[in-house]
Structure formats: C-alpha cells, structure tokens
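*Asks:* Chain residues, written in single-letter form:
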Amino acid sequence: MTVMEQRGAYRPTPPPAWQPRTDPAPLLPDAEPYRVLGTEAAAGADPELLRRLYAELVKGRRYNAQATALTKQGRLAVYPSSTGQEACEVAAALVLEERDWLFPSYRDTLAVVARGVDPVEALTLLRGDWHTGYDPHEHRVAPLSTPLATQLPHAVGLAHAARLKGDDVVALAMVGDGGTSEGDFHEAPNFAAVWQAPVVFLVQNNGFAISVPLAKQTAAPSLAHKAVGYGMPGRLVDGNDAAAVHEVLADAVRRARAGGGPTLVEAITYRVEAHTNADDATRYRGDAEVETWKQHDPIALLERELTARGLLDETGIESARQDAETMAAALRAQMNQDPALDPMDLFAHVYAEPTPQLIEQREQLRAELAAEAEPEGAQ
Amino acid sequence: MTVMEQRGAYRPTPPPAWQPRTDPAPLLPDAEPYRVLGTEAAAGADPELLRRLYAELVKGRRYNAQATALTKQGRLAVYPSSTGQEACEVAAALVLEERDWLFPSYRDTLAVVARGVDPVEALTLLRGDWHTGYDPHEHRVAPLSTPLATQLPHAVGLAHAARLKGDDVVALAMVGDGGTSEGDFHEAPNFAAVWQAPVVFLVQNNGFAISVPLAKQTAAPSLAHKAVGYGMPGRLVDGNDAAAVHEVLADAVRRARAGGGPTLVEAITYRVEAHTNADDATRYRGDAEVETWKQHDPIALLERELTARGLLDETGIESARQDAETMAAALRAQMNQDPALDPMDLFAHVYAEPTPQLIEQREQLRAELAAEAEPEGAQ
Amino acid sequence: MTTVAVKPATMAQALTRAMRDAMAADPSVHVMGEDVGTLGGVFRVTDGLAKEFGEDRCTDTPLAEAGILGTAVGMAMYGLRPVVEMQFDAFAYPAFEQLVSHVAKMRNRTRGKMPLPLTIRVPYGGGIGGVEHHSDSSEAYYMATPGLHVVTPATVADAYGLLRAAIASDDPVVFLEPKRLYWSKDSWNPEEPTTVEPIGRAVVRRSGRSATLITYGPSVPVCMEAAEAARAEGWDLEVVDLRSLVPFDDETVCASVRRTGRAVVVHESGGFGGPGGEIAARVTERCFHHLEAPVLRVAGFDLPYPPPMLERHHLPGVDRILDAVGRLQWEAES
Amino acid sequence: MTTVAVKPATMAQALTRAMRDAMAADPSVHVMGEDVGTLGGVFRVTDGLAKEFGEDRCTDTPLAEAGILGTAVGMAMYGLRPVVEMQFDAFAYPAFEQLVSHVAKMRNRTRGKMPLPLTIRVPYGGGIGGVEHHSDSSEAYYMATPGLHVVTPATVADAYGLLRAAIASDDPVVFLEPKRLYWSKDSWNPEEPTTVEPIGRAVVRRSGRSATLITYGPSVPVCMEAAEAARAEGWDLEVVDLRSLVPFDDETVCASVRRTGRAVVVHESGGFGGPGGEIAARVTERCFHHLEAPVLRVAGFDLPYPPPMLERHHLPGVDRILDAVGRLQWEAES
Ligand SMILES: Cc1ncc(C[n+]2csc(CCOP(=O)(O)OP(=O)(O)O)c2C)c(N)n1
Ligand SMILES: Cc1ncc(C[n+]2csc(CCOP(=O)(O)OP(=O)(O)O)c2C)c(N)n1
Ligand SMILES: [Mg+2]
Ligand SMILES: [Mg+2]
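Residue numbers (the working numbering), protein chains in the order written: chain A, 1 to 379; chain B, 1 to 379; chain C, 1 to 334; chain D, 1 to 334.
Quick caveat, the hints were computed from the structure, so don't treat them as lab data. For every residue, glycine included, the Cβ atom is placed at its ideal position computed from N, Cα and C. Any given hint could be a false lead.
Said to hold, decoys possible - If you want the ones that stay clear, here's a sample from chain B, every Cβ over 12 Å from chain D, calculated:
| hint | residue |
| --- | --- |
| 1 | 69 |
| 2 | 173 |
| 3 | 213 |
| 4 | 309 |
Claimed, not checked - Per the computed footprint, the stretches of chain A lying under chain B, defined by three or more beta-carbons under 8 Å from a beta-carbon of chain B, are:
| hint | segment |
| --- | --- |
| 5 | 334–343 |
| 6 | 358–365 |
Stated by the list, open to error - Listed next, the in silico DSSO-like pairs over lysine-lysine satisfying Cα-Cα at most 30 Å (straight line):
| hint | chain 1 | residue 1 | chain 2 | residue 2 |
| --- | --- | --- | --- | --- |
| 7 | C | 185 | C | 51 |
| 8 | D | 51 | B | 165 |
| 9 | B | 72 | B | 294 |
| 10 | A | 72 | A | 294 |
| 11 | A | 165 | C | 113 |
| 12 | C | 185 | B | 72 |
Bound conformation, chain A alone (with noise of 0.2 Å):
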C-alpha cells in the first residue's frame, strides 16, 4: 500500500497496457494522388466502365450547366454547382450496388441523379417547393444534407444497423473539405472504425469552403492521412480521374462489404465554379488558378483516354453529348412548370399523427385560404 513497501527489483517494464491497436503503416495514404488515365494503370480498367462513367460525367456537366441556369431564371431558389467534380459525382453514384446506401452532402445533387434519383426530384430543395423531393428508401439515397458533416454519423448508424440485421449493404458518405473540420466529421469515422462498419466516407477536396482554402482548413499532410487517427486506411486519389476514384472507391466498398471496415478517401478535386449561383469567386480566387484546374478537367481526361484507345470516337462523342442536351431539354421543360403546392402539407408531416395544437394551426390557416379565395377577401 504505502510507497515503500512497493519497492523491490528495478522493473523497466513496459507498461502493462501498451499494445498498438492496429498497425499504423498500411493505414497511411500513398505520397502521391493514385491515378488511373494516362499512366499504365488505365490498361487494367474496363472499358465498358469507363464509357458509362465518360456518358455519366458528361450528362453530369450539362446538369450541372442546366441548374446553374435555372436559378438564373428564378426556377430554382440556389444551386451549389459541382462543375469539375463530376468525377467524384459520378464515380461515388456508380460504385455502389442497389442495396447499398448514398449519403450526399448538400454539393452532390449530381451524385444523386447519377444514383437514379429523379432529376427533378432531386432539386426540390433547391427549387423550393419542398425539402428533399425524393423517397430515400426508393434508390437507398438519404437527404442532401445541408449542415455539413451531420450526415456522416447517419451513414455509419445505417451501415451499423444493416450488419447488425445480416444485411450486405454498404454506405457511402460524402462530405467537402471545410467538412472535415467539424465535430461531426471526428465522430463518425471513430464510431465507424469502433464498429467496424461498412462504410466509406468519400472527402470531396475542392480546394475551399466558399472562400476559405485549405490551407485556413487545416495543416494536415493531407485530409486522407486523419484516417490514421481512427484506425482505418486513408487513401488519396486524383479526383479529377474518374477511372481512379472509382478503383478506390470500388476497393473501399469492397474491403467494407467483406467486413473489413471502413476507409477514408480523399479525392483531390476542385471546384471550377462559384459555390453557389449567389457567390462572387472573384473576391477569393484568381482566374489562373481556375484555368490551371480546367486544364485537368475530368471529362477531358476521360475523352483522351477513351479516344487514344480507340474506345471512343466523335461520332460517340456527339452522341453523349446529345444525351445531355435530351436530358437537360427535359429538365428545363419540367422545371419550367410551376410545382403543385398545397400550403396544407406544412401540417401533414410534422408528425406521424398532428398534435392539438397543430390541428388548431391548421384550420386556422384553412379558414385564411378560403378567406383569401373569396373575391373581397383577396388582396
């Protein structure tokens, strides 16, 4: 009890609780971005992979153009472009099995599209009309969330919840660079690494949140290397290649699925236009910059791949480029037509069954809608 009866034998021990929990050398990112075009990886990849992802990716661009257009003409409220992102869109959206999960953050409508997710449907939020316009349980697509970083622990509960029920089902979640710097972003992968769960967090690095660059975000040697910290493999990827981002991505739904845990992917990327339709990019970045990113713009990397193997030719080309064009007349027709409002559903869904109170509400403003509809009532 007292220190002097401890005393004895001098005891360089080591103290009896240390035992690294995991290795930490196969956990650390590559030095270099791993790419997949242009380098002699591309000859191992599919070639029918690789022509859906160039359709995807350049019916993702037009997307992208078509919304950003829309808000012009007031059809939609706000749009957050992911133009030069489309690789890890797309990619992130094609990786996944049905029964797998996609967890997008507010920035990756086209991820969502690219999953099956009605076009339309998926802009509701940013039309306005509703909150999230699809049924998540359809294509297995939570909600775009918009407080960033608060999807990621739901992604991790949802992959928990499937292992737990037998399931195989695996979770992708998306998050941003200025993502990573919350709570939300530390709690999520810890649970995930705790648990072993299946899932994937894929951390878009576009270069900045609004108009904040990483290097205000953070000091780490890269956003792949917190992995590290949590006990599961970081792995850093051109995200502008979207033959390598969806290699990375399939080997990390892959180990997930086997039961191997989750894996943390960063893909570098930028983002070539403002954050939203309302931003102004100007005020926090030059024009050169832009152009140096557009010189590695994902569709341009895939189309020269593509076209140097002879997988593809002007007359494939045009036709995904007509694609496009049909998708993007379709959207503008159907976002063109003023959406069904029904003021009444603000009180259909608050709860399963509405409270009194609610009740109340809403007969009260029932009774302000007849009154308006009467003509001396109108104003």
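Based on these hints, arrange chains B, C and D with the ligands on the given structure of chain A.
*Replies:* Chains B, C and D with the ligands in isolation, oriented as in the chain A frame:
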C-alpha cells in the same frame, strides 16, 4: 467550353493543387511509448527535477487518498481520483512557466494543486459550495472542466490570443482517452495547427472512460496517431514515468514557445481507483489488471531510480511522506470546517449587473430567508 | 395497448423493465449510450440489458453524444428503434445540432417517407447534490423544437407506461427522467398490471376546488406535498401532472383551471423563457374569463444551476408554492 | 456613450460600421467566423474589415462552429473581445454546448473572476427564400439560457447602436440579426449621429391607444404595417419594439399595456415554447387587472421552417395580426 474543344495532347500532369501540406513522417509517434526511468535516458535527467517530481508525486498520492476519504465523511460531494496517474498530473503542472496556462479536465485537481492553487479552493467544485473555487487568473489555471473536451478549444483560443498580443505564453490542455472521441477534441487541435498556436495537448490514456475500455473507444493505433490528421507531431509516452512525461511535455512546450506550433502527447497510464467514489469498478474490470498496473506504479518507478542513483534514501522517503501527511492533515482540518455560504451569491455573478428580473428574484429570496430566520417561520 | 405484470420497484427499475419488455417484444429496439452496457448506466437504469440481450442490443458507445444520436438516426433510417441514453442533461448539448436539424425534422423533410422512431432518454433536473452540469432542466429547449415529443414521468407507473409508449412511437421522443425520482417508490402498485400510457395526456393527481397546480416531472411530488400543506391554510388544491409537454393536453389542464378559477405553474426549470411561460400563456388565452387572478409561476431562478450546497434555495419548494397560491387574489373571492 | 457620425446605409452596412468603429476604438476587438475575412461574410456584413485591420483582427476560421465559439472563449479569457459570426441560425447549433455550458456560465462559475466579453452575431429568421436550415428563429433557446444577453435590432440605427453596446458589454451577448432586414434602409437618418444604445430598453415605435403590439426584430416592420392598416378598422395600435429579449424591459412593455388594456405578441418564431409565451405570461402577471382580453400571440406555426415557396403561409403577416387584434374582445368595451 464544350468538352470537345478541350481535347488535345495527352496530359498526364498531376492535378495542379496537390502538394502535401506537411511532411507526415516526423508527425508520427514512435512505436513504443517513450521511457526514461530504468533506461539509459535516465542518466541525462536533472536530479533536482527528479527529486521535485518525487516529492510532488508522494504528496499527490496522499492528496488523492485524503480527498477520497473526505467523500466518505460527506465533506465532498464527489471525488474523481487520479491515483496511479500522478506522474501526468504533476509533470503537467511542473513543466509550465508561471506565465503559462493550464487547462485541466475534471479529474485533474492534482495538477491544479501542483500548479499552486490552494488545495481547498481546488476542491470547491467537488465540495459543492461553489463551482470554480479559485481565481483562474491568479495561477493561470482555467476552471476544472466537466463537459469533456470542451476546455480544449479554450486553450487554443487563449494561446492564440497570447501570441497575437506578442506574449510568450504556452497553454497546456489535459483530456482523457474518452474525451478524445468528442467533436471538441477534433476541432481544437485543428484550429491549433492552422493557427500554429502555442498549445500542448496532453491525453491521459488511463484505459477507461468510466466503464468503457479503450477498445470500445477507438480503433486508432494509438491516440497519439491522431496528431497526424491535424498536421502536428504526436508523441507517445509512458504516463507512469514522471521523468519521461516531463521530458516529452517540456519538449512540446519548448517547441510551442519557439513558434513551432502545437503537439499532441498521449501518456499511457492507468486509473487505479474507481471512476469516482460513487463508482463500482468491479462491474467492468478485474483485480488482476489493476494489480499489474500497481506493479508499474509511478511513485515506485521514480523511487527506484532515485534510490538506485543514490539521490534518495530512507530519510528522504520518510521526509517526503511526512510532508504529504502534513499537507493531508491541513487539508482535513480545513475541509472539516463548514464553508461559509451566502445564498445571495446565487445572484451576484450571473451578469456584471443583475437584470431587473434577477433583482426581483434576489429580493424574493432575501425575504424568504428573512422569514425563515424569524422563529415562527422556521421549519 | 399492452398489459404487463410488474414487481414492486423504484422508478429506475420500472424504466429498466420498460426497456427490457420493449426489447423482448421487438428485436428492432436497441439501447445505446455511454456506459449503458457493462456498467448498466451511471444510474443503473440499463442494468442487465446487455447481459440479457447482448452487446449489440445494448451498446457501450464511444464518448461522443453527437455521434451517439447521429448514428442512432442512421440506425432508425434502417428500421431499428434506437433508445439513446444521454448520461446527464447537460451532456446532451453536444448532440443539439443532430437533434434539432435532423431528429426533429427528418419525417417532415421527407414528407413522411423517413420517420425516425427514436427515444432519447435524458436524466434531468437537480436536487441530487450534483456538481455543475449535472442538474440542468433543459426541457424548454426541447419544447421549442417542433417535431419532437417531450415526455416526463413523475410516478413509477408512468415511468414504465410512458417509456413503453415512447419506444413504440413512430416519432422521436425526448424522454426526460427526473433524476431525483429515480429511487422513488411511492406511487407504484405492484399488484396492478402496468399499461402503456398514451403520450399527450395530462392527469389530475389530486382533485381540489380552490386552485390548480400545473406541474410535471420532479415537481409533482413537491406539489402534492404543497397541496397537503395547503389544507391547513384552507385551500383545497388540484394538482395536474402534465406528463407530456409536447403534445400539450390543453383539455385536461383547461378543464381544471375553469373549475378552480386559479392556477400556479410549478417547475424546476428557470422561469424566464421556461415552460411555465408557455403554459401560463395558453391557459390564459383559453380560460381568461374563468380566471380570478393571473396564472402565476413558481420556477427555478434565472441563473446557472447552483452548486449542491445552495440548490435548496433555488428549487421550488412547498413554501414558495404556498406563497404563490396566497397571491392568487383571494380577496376578490369574498 | 460614444457618438459617431454615419452615412446613409442599409442595416448590413450599419452593422459593418459598428464593428469597424469598435475595432478602431479598441484593439482587443477581434472578428472571427466562417468566410468573414477575404469574402466579407456571406451577407457581406464584415466586408472590408480584414483589409482594414488585417487577418489577425478579422479571421477566416476553419469550418467548425464549436471550435469558433470555443476558441473565442479562450481569447476572451485572455482579455480579447471576440465578435463571432455564426453563418446562419441553424449553423449555430453545433456550438450549443460551448454556449450553454461555458459562455453563459463562465462569469458565474468563477464568481465574477472570469467574465467573457463575447458577442455572437447570428443572422436569424426567414422571409428570404432560404432552403432548409437557413431560416430558423432560434431565440427561444437563447432566452432560456441564463447568463446570456439576447438582443435584436429592427432598425438601421439600432443595428449600429445595439451592436456597439453588445461589443462593449462585459457579458456575452447573442446578437440576433434579422436576415430579411439586412437590406432595409427606411429608419436610418444619415444626418443624425448614431449613438450606442443601452441594452435592455424596449422602445415604443408607434404610439396608439387601442392595443399594444409587442414585437422585435424582423416582425417590427410587419407590425408597423399592421398598425397602419388597422387605422382603417378604427384601431389605433401601439407598437413596442423589445430590442432586448434579455434583459427584458418589463417597465416599457407593461406601461404600454396598462395604457391600452390589450396586447398581441408578434414573432416569427414558432408559437409553442417560443418567446411569446414568456412575454404574454409576464405581461399578464403584471397587468392582469388592466387587461380587457387575454394577451394573444401571433407566431410562426409549430413546425420546421417551411420551404421557400410556402414560407409566406408561415410568417405572421398583417392579416394574421389584425385578425388577432380583432379577437381582443372589443365587445367588452362597448
Ligand atoms: C454546420 C454548417 N456550418 C456552416 C454551413 C454553411 N456552409 C454551407 S457550404 C459551406 C462550405 C462547405 O465547404 P466544403 O465542406 O469544402 O464543401 P464544398 O462547398 O466545397 O462542396 C458552408 C460554410 C453549413 N451548411 N453547415
Ligand atoms: C460531454 C460529456 N459527456 C459525458 C460526460 C460524463 N462523464 C464524466 S467522466 C466520463 C468519462 C471520461 O473518460 P476519460 O475522458 O477517459 O477521462 P477519465 O475519467 O478516464 O479521466 C464521462 C462519460 C461528461 N462529463 N461530459
Ligand atoms: Mg470544398
Ligand atoms: Mg480515461
């Protein structure tokens, strides 16, 4: 603009923005916790420092025992003992200059006392006559923080402010292994690294968060590995080796002071007592584990080193023990007196000036107390 | 409406039993939180559940409240019914964003496609000698957040019945457990089978004709005591236990106040911006012409919860309640 | 009390000017938040400050609200006066624990030894067509948290005067900026020097004898409009702009209600558990025998803030206010 216009020469150039922000290699902790006592490194240790550490450890152990005894006598509401962790507690306090700041977690009463705060004032929170019992500015010790990890951003902000003002001040913030799971643990070191704030994070990994063992808390190779994700060095140290903890912390403090930025230190130690006097540790751990750790006792380790090197003899040990008893007797005497209580204090410090509402309430209580004081009103 | 036979127990044990019965009845019910597994919770409310149902059904989580609630949201999305324990009132604050921005909104956001059947158990309130951050009354925050149900039992039977109902609810329920009643036994009748109580119904705990005390949770026994003491003053007080703050049972409350013509709202939470304002305002809106006096409030003071040695001065006690009753303008009567 | 000459400006510009003047007057004032530096804030309220005072005085932080507020606490501990911007109402929730457990309590916890002179600017409320999480009225949460001052301007002049006072305050102030008034200019008189307004004083914006509209922030202009419209119905309405929710100016409010005998509280925040309950309750407690009718409330509905295309149905407008005024039992009068 269109994709086709962008085609041209095949360009396998790297994405423009990629460059690791920090070289990850120097950030990685060593594979084994750093040790001094019982190793060659001990020869380099300053005998005076070792003796001082020893005296404080012995006093610290006694303080813990006395405080726990006071809970049994109803003199403290609760006490979370740091028995077994005295090396961390004491080293954290001793490593700082007077002008530096200490940010303790709720278990760190000992560090607070070792820093010079009055032993009774340090217990005010746990006695229950007020919250923080000491003036934080007097010894530059922030309030003992009960909401876990929330004190870490405070330390960063304070260190940053001092640096902005040109003051040569370092902040040392303490947190437990459980606390590293909180979002605030993530946000604080991230800010610190981005700002290169002169702050040192000391994680006492004592194996448990109440009943939850480390394995359910994290899958990280070590908690020190989390540093890499923030771009700061992680250091792993034997938390029961007071000389090692002091040396590692001193290095980190020196680095911070010199403008080198923050460091994250994980000290591997063990909570020998239950979580608090109210906890029943037998519910979640066996005696054998506790016994193993008692064999690696911080006081015994240092005592052996000191005696082996002829820096301490029975007289010295006895005199340290005596000093500790004197401290304990004084503490007992002071704590056995009822603290002076004034219910009106409830209203004195909510705001600089009480609101009209608080003045009303204060007068209500004053009237109630006056009525209570009258013989017939007494209950 | 399930009927379950129970043994004599404290409120804590009734809560345990409610979770146990819910877990036995429905494999989708999962309990999770800090120390809820091996330890059985710092208040022992989840005692034995991990042993009986395994650690996957009663899980010790990492120490991160936003992560606990956030992962519970994801589990609920996949069809589970998580029952989350927040260790103490003030330690639920880190999960506030998840609660307000997701838990409360998910059903509405998705037009009903993605309901979240989640129960969030929060031990709350003071009176147990807790140090700072261990005695907050946080119900005002939850009441002001549409999309949440807010429920709090005051009796052992209600602890069982309401927790079963909360777990069975297809909507998120913040279930506030009065810490200082955890060890209360008084109102529990071991012979009588305990039923699941529907959420949203207040109950008259004591009938009276002079005035109504409107209260809930930890203040219910205090009001019962005050009502007893009031007899000496010639007042026959009615005590209404709200049980559910959201939805609010205007019917029961207003029926009582219309009968008595006078009312005092009693709660531990700070007065300013606390639940009492809402309650007093809505009672007044509905019963104005029945009121002989303004609805008064007896509440905690508007300050951070006091240290243990001073908490008795803060908590609404019998005297303060009787004082307020005395100010209900009885002269007007005569 | 400082006197500063200002140019004609929107509310946003008046706020900028207030920070600029405070920063110029006191080197310990630091502005921090997401995008406040180079960009000048998403609402441009901090425009030019980084340029004028340098990035160390007006700092783009990492994207982490708890971290922003938490580091600001540490800066305040060291004697700085941080002015924190939360980008939108709902994005202040991640900082809730820091706010409630530290910002509000630090002075009290340390017996006044460690005050926190902190201003937390929160753009709040709807009416700007924002998508979900961009239009919350979160004032009820702050009002229910003792230790905070809660202030909200409704005019350009007050935006300046109250923000200067908030920054000068030795206590934490949650400064709620009505987003939809950012571009309002109406009440600003460029010729008149603008003074620092003491916190805690309501103001009568319009005198009237029939009834009092008690309101604040974004609803003040709506109430002014309603008061104009009410003339046609023969009602002469008084409008009280609270400006400060904590401390609450009982004196001004009650003086008005005692004069008029009738009152309606108007705010955008949800009704249930919202500020109106507190206000109605306390006015009733103090003015019961002057009231011809119960104090009524016109508030947002009790639901998650609606999507842009439906928000007009949610927001209290002139008609809904006049409706409530019409229900103030005018028969009793005649
Ligand atoms: C919790 C939270 N804080 C602040 C915001 C406001 N906000 C919206 S987008 C954005 C920047 C996000 O940056 P990043 O995570 O890099 O994603 P990106 O916009 O680049 O896709 C900010 C600050 C938010 N949506 N949620
Ligand atoms: C935010 C928060 N959540 C929960 C608690 C309750 N609690 C107090 S101590 C503790 C365990 C802390 O473990 P650790 O961080 O390892 O520190 P240790 O007790 O081992 O010193 C918990 C869960 C708290 N104080 N704060
Ligand atoms: Mg970004
Ligand atoms: Mg621990």
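*Asks:* It remains to establish, for every hint, whether it holds in the given structure.
*Replies:* Cross-check of the supplied hints:
no.	hint	verdict
1	69	27 Å, holds
2	173	10 Å, violated
3	213	25 Å, holds
4	309	41 Å, holds
5	334–343	violated (count 0)
6	358–365	violated (count 0)
7	C:185 with C:51	25 Å, holds
8	D:51 with B:165	19 Å, holds
9	B:72 with B:294	23 Å, holds
10	A:72 with A:294	23 Å, holds
11	A:165 with C:113	21 Å, holds
12	C:185 with B:72	26 Å, holds
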